[in-house]
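As given, the protein sequences belong to chains A and B, one line each in that order.
When the letters of the first sequence are read in order and numbered with numbering that gives the first Met the number 0, they come out as residues 0 to 531.
When the letters of the second sequence are read in order and numbered with numbering that gives the first Met the number 0, they come out as residues 0 to 348.
Please note that the accuracy of each hint is not assured.
Pairs of lysine to any residue residues, derived as SDA-like cross-links and limited to a Cα-Cα distance of at most 20 angstroms, are as follows [claimed, not checked]: (1) A/Lys475 with A/Asp510; (2) B/Lys140 with A/Pro67; (3) B/Lys140 with A/Trp69; (4) A/Lys451 with B/Thr238; (5) A/Lys1 with B/Glu153; (6) A/Lys9 with B/Glu160; (7) A/Lys9 with B/Arg263; (8) A/Lys9 with B/Glu149; (9) A/Lys15 with B/Arg263; (10) A/Lys451 with B/Met241; (11) A/Lys133 with B/Gln145; (12) B/Lys319 with A/Ser464; (13) A/Lys15 with B/Thr238; (14) A/Lys15 with B/Pro239; (15) B/Lys319 with A/Arg472; (16) A/Lys451 with B/Asp236; (17) B/Lys79 with B/Lys124; (18) A/Lys15 with B/Tyr247; (19) B/Lys142 with A/Glu91; (20) A/Lys461 with B/Thr320; (21) A/Lys461 with B/Glu321; (22) B/Lys140 with A/Pro90; (23) A/Lys451 with B/Pro239; (24) A/Lys1 with A/Ser24; (25) A/Lys467 with B/Arg306; (26) A/Lys15 with B/Ser248.
Sample of chain B residues with no beta-carbon within 10 angstroms of chain A, all distances over it, derived [stated by the list, open to error]: (27) Lys23; (28) Val25; (29) Arg39; (30) Ala66; (31) Ala72; (32) Tyr98; (33) Lys159; (34) Gln180; (35) Thr238.
It is worth saying that the hints were derived from the structure and are not from the lab.
Ideal Cβ placement from N, Cα and C applies to all residues, glycine included.
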Amino acid sequence: MKEFATLITKLGTSTKTNEKLEALSHYFATANDADKVWVIALFSGRRPKRMISSSFLSLWCMEVAELPAWLFEECYHTVGDLAETIALLLPEITTNSTPDKSLSYFLQSFIKMEKAEEKVKKDFIISSWMQMDKNERFVFNKLLTGNFRIGVSQKMIVNALVKTVHLESSVIAHRISGNWDPSTTSFNDLLSEQATTLDFSKPYPFYLAYAVDTNVKELGPENEWQAEWKWDGIRGQLIKRNNEIFVWSRGEELMTDKFPEYHSLKTLLPEGIVLDGEIIPSVDKKPLPFALLQTRIGRKNVTKKHLQDVPIAFFAYDILEYEGQDIREWALEKRRSLLEDIITKLDHAVLLLSPVINFSSWEQLAAIRESSREMGAEGIMLKRRSSTYQVGRKVGDWWKWKIDPLVIDAVMIYAQKGHGRRSNLYTDYTFAVKDNDKLVSFAKAYSGLTDKEFAEVDSFVKRNSLEKFGPVRTVKPELVFEIAFEGIAASNRHKSGVALRFPRINRWRKDKKADEINTLADLKKMLEVYGK
Amino acid sequence: MALVDFTSNGLYCSAGDFYIDPWKPVHKAIITHAHSDHARWGSDRYLCHTASLPLLKLRLGDVPIDAIQWNEAIHINGVKVSLHPAGHIIGSSQIRIEYNNEVWVVSGDYKTEDDGISGGFEPVKCNVFITESTFGLPIYKWKSQQEIFENIREWIMGNKETGKTSVLIAYSLGKAQRVMQCIKDMGLKIFLHGAVWNVHQTLLEARYDLPNAERVTPETPKEDHRGQIVIAPPSADGTPWMKKFSPYSVGVCSGWMQVRGNVRRRNADAGFALSDHVDWSGLLNVVKATGAEKVFVTHGFQAAFSRYLNDNGIVAAEVKTEYGGEEEEQEKASTTTEQDHEINTENEE
Chain A
0 MKEFATLITK LGTSTKTNEK LEALSHYFAT ANDADKVWVI ALFSGRRPKR
50 MISSSFLSLW CMEVAELPAW LFEECYHTVG DLAETIALLL PEITTNSTPD
100 KSLSYFLQSF IKMEKAEEKV KKDFIISSWM QMDKNERFVF NKLLTGNFRI
150 GVSQKMIVNA LVKTVHLESS VIAHRISGNW DPSTTSFNDL LSEQATTLDF
200 SKPYPFYLAY AVDTNVKELG PENEWQAEWK WDGIRGQLIK RNNEIFVWSR
250 GEELMTDKFP EYHSLKTLLP EGIVLDGEII PSVDKKPLPF ALLQTRIGRK
300 NVTKKHLQDV PIAFFAYDIL EYEGQDIREW ALEKRRSLLE DIITKLDHAV
350 LLLSPVINFS SWEQLAAIRE SSREMGAEGI MLKRRSSTYQ VGRKVGDWWK
400 WKIDPLVIDA VMIYAQKGHG RRSNLYTDYT FAVKDNDKLV SFAKAYSGLT
450 DKEFAEVDSF VKRNSLEKFG PVRTVKPELV FEIAFEGIAA SNRHKSGVAL
500 RFPRINRWRK DKKADEINTL ADLKKMLEVY GK
Chain B
0 MALVDFTSNG LYCSAGDFYI DPWKPVHKAI ITHAHSDHAR WGSDRYLCHT
50 ASLPLLKLRL GDVPIDAIQW NEAIHINGVK VSLHPAGHII GSSQIRIEYN
100 NEVWVVSGDY KTEDDGISGG FEPVKCNVFI TESTFGLPIY KWKSQQEIFE
150 NIREWIMGNK ETGKTSVLIA YSLGKAQRVM QCIKDMGLKI FLHGAVWNVH
200 QTLLEARYDL PNAERVTPET PKEDHRGQIV IAPPSADGTP WMKKFSPYSV
250 GVCSGWMQVR GNVRRRNADA GFALSDHVDW SGLLNVVKAT GAEKVFVTHG
300 FQAAFSRYLN DNGIVAAEVK TEYGGEEEEQ EKASTTTEQD HEINTENEE
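Here chain A stands alone, though its shape is the one from the complex (with noise of 0.2 angstroms):
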């Protein structure tokens, strides 16, 4: 636990990707082979369920510190780490004569406490604690309640093992996708072919997109580029082999039971297939609001009345493996031919194509996006006809080019302090708009300043503060900003009546007056135009 605390301490704390990179390269090359695999597992979404809730840490931390619920509160809310807070309340330990234990046994009795009655948990979790510094603490904290959002892709994790397998990267991104378990994969196992030849639920590595960040008519000639709508749904792959149907997110997340849907695919699809699309809600093949699809993967089981309110479809934009091939070497045309010839042929609900864009001219196509809000897209994605399908985030040959956000004029009117590295800061804000004499609050949002500007807020809501409730201070409404959103849809679980995709600090608005915020009339007409 010591190394996986020090290899976490210096991803924590170093800034510097190559840094980054350099301290996992190091603990691939040192450490034992079953912390190796729970490392990878870690940092690639594959933790073990939690074996206790974080308000039961928080009670038996209290309880060995001897602080009152409050205390502990003020110190959470100072920290923004409930982890941190709970490494740094409990006492020091004087001397420690226990060895130290590895990564792999605490996950793995994480795993097998998982059912036990609280006693044991208790025991073993505050004579866990008795045993650690302030780091392992944390570490071990960490392991247990959440994520450790300390900046490390699953790129990352390749391109460090990378210098200690003698693999290609593409190749060991491969095979760290997929189903495995962390508890019975040998790290061998893992990494062998054979292992991925026998997982058939195995999705490939995603290519990504990066944004468009000049003028489009760089990229050159246009009729070297397909354009296809931008879809705002799930990225995943719809797998049929071994006459079995897999659906994976993006996220690695193995989603197949949360839409039943695609079951139906299971007897049409030919054998030994694989699809890149796009998991969207959809009526008479047009897209529904991202905000739908939220409503259905949020939930534990699939209701009758979910699957008649929010059908789900898969809008397929790429295929990457055919009659059991792997073909991503294949150009975009040739793919995209027979995609289409399959999906043509297949003609079903759940499985649509997602159209290529016709354009002759940058110029027009530039018109086209414009109409994107009207699709349900968020933009338009440009792909070189002759590339083949990369792994990861790759430059050239894909893009996304996205339309602009909304924006809306908003006044700050509560605060509460971040987490992370805006501990003991207010950067967390929520804004309303003007509803004739009052203010509605229609959205939170925690990014888009810089560190300077959030420095000038949070001693502005210190000095300004009206109230107190808990952590969150109401505050004199005063400075407005422009928020800026990716959709917007209708929701009775807001005051506003409208729920914002998205919302981010567009801009601080220091030019104008609270009294020339937009209304929320305003807002009501967005959701007319855009909402539906």
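For chain A, the structure is supplied; the task is to place chain B on it using the hints.
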């Protein structure tokens, strides 16, 4: 009647007609220590500890300042006043006021661990204790100076091995001198930012035993500081001034570094929770040791600390002062724009 009132000018003793660390110009000010938020400009007459005198002169210029020793009682308008070591920085003092058999103590800023240069803190028995609370939450528990010093030295040696200059960020008055004690016997050269240099010179003139150090100037050859140590104030962190030390690694020395988020926010390569303020358990111990019947809690986590005291049978109240904002002496997230030639005006910590 209260011996000390909390007025809009600052802490005021009406019986003796003087102020303690006033934030507006007054006729007579007793100063706990020479940090800018406690020693403000513009008063007619100042009183401080002898060790504070040169530092106060550096800060305030040539103004009338009287100085006394610790435990040396004087009388002001019939009020008995004495200074007692606070352990915060060189010359920092608690102020004891006695009148009509009642004793009040104003702590100023303090820490309980003896850092070897600021004088060892001594709790003073009193009826009413006015305490700071910069780090008044139980998440703040300091490691010993010895342990942190070892960590700093290890980090410096690691940087040296990879050819990097170690840039230590420390407040020019207080923390910088403390850090120098840590690194003086490492056999490495010590370079100082102008703000740290000014304080260093002042203390050398006052015959303080400080290690040899060199001021960083535009003419300093690059090879000179490669793999060596630079001490700079927080205001220099992240400015173009740092570029000339490249390749370098930044280590921030501040109690705020106790929390990881602050280290990340500062973009520091390393954070050392080395504080000149008392930690949570230190606060509790000191409050008990004073035997005070009533405690006023100023700058820091005053709401939390006073509530905790009240819950535990010690009458306490929070007091708003102008030693900063709500949670003052807080990290000022890169908003300071001091120049190299100025002496630093930021708060300690």
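Against the structure shown, which of the earlier numbered hints fail to hold, in ascending order?
none
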